[in-house]
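Colleague: With our numbering, letter number 12 in the sequence shown gets 1372, and the count goes up by one each step, no holes.
No incorrect hints appear here.
Here are the simulated DSS-like pairs of lysine-lysine, each with C-alpha atoms no more than 25 Å apart in a straight line:
#1 K1417 with K1377
#2 K1388 with K1443
#3 K1371 with K1417
#4 K1410 with K1388
#5 K1388 with K1377
#6 K1376 with K1388
#7 K1421 with K1388
#8 K1421 with K1377
#9 K1388 with K1430
#10 K1388 with K1371
#11 K1434 with K1388
#12 K1410 with K1421
#13 K1410 with K1371
Label-pair restraints from in silico Cβ distances:
#14 A1429 with R1373: 32 to 40 Å
#15 V1370 with L1425: 20 to 28 Å
#16 K1443 with K1417: 37 to 45 Å
#17 T1412 with K1434: 26 to 34 Å
#18 R1373 with C1428: 33 to 41 Å
#19 A1429 with R1389: 17 to 25 Å
#20 K1371 with D1433: 30 to 38 Å
#21 K1371 with K1430: 33 to 41 Å
#22 E1439 with T1412: 25 to 33 Å
#23 K1434 with R1373: 32 to 40 Å
#24 R1405 with D1368: 18 to 26 Å
#25 T1401 with D1433: 14 to 22 Å
#26 V1427 with D1368: 18 to 26 Å
The hints are simulated quantities; they were obtained by calculation from the structure and are not laboratory data. All residues carry an ideal CB built from backbone N, CA and C; glycine is no exception.
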Amino acid sequence: MHTYVIYDIVKDRIRKKIADICLDYGLKRIQYSAFLGDINTTRRRALEEKLTEQLGKAEGKIEILSVCAKDYDKRTIIEETGK
1361 MHTYVIYDIV KDRIRKKIAD ICLDYGLKRI QYSAFLGDIN TTRRRALEEK LTEQLGKAEG
1421 KIEILSVCAK DYDKRTIIEE TGK
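Build out the structure end to end from the sequences listed, making use of the hints.
Modeller: Structure follows, in structure tokens:
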């Protein structure tokens, strides 16, 4: 299932570790604080546990959203490269 991880974390060190965890799970960065990847339910749960553990008591918020293929195919991407 397509899974988005979107976060807003105050401390640079924690934010970097969250990004590294997302990359370790095969997610790709789609924005500075947003990742997307296709992972199964078991790996999603494990990812959620890792992210929760890493955030700990630090100030911040992480949202994890799984989207079915039908809805994922309906997404709209608006992008301008400035070239």
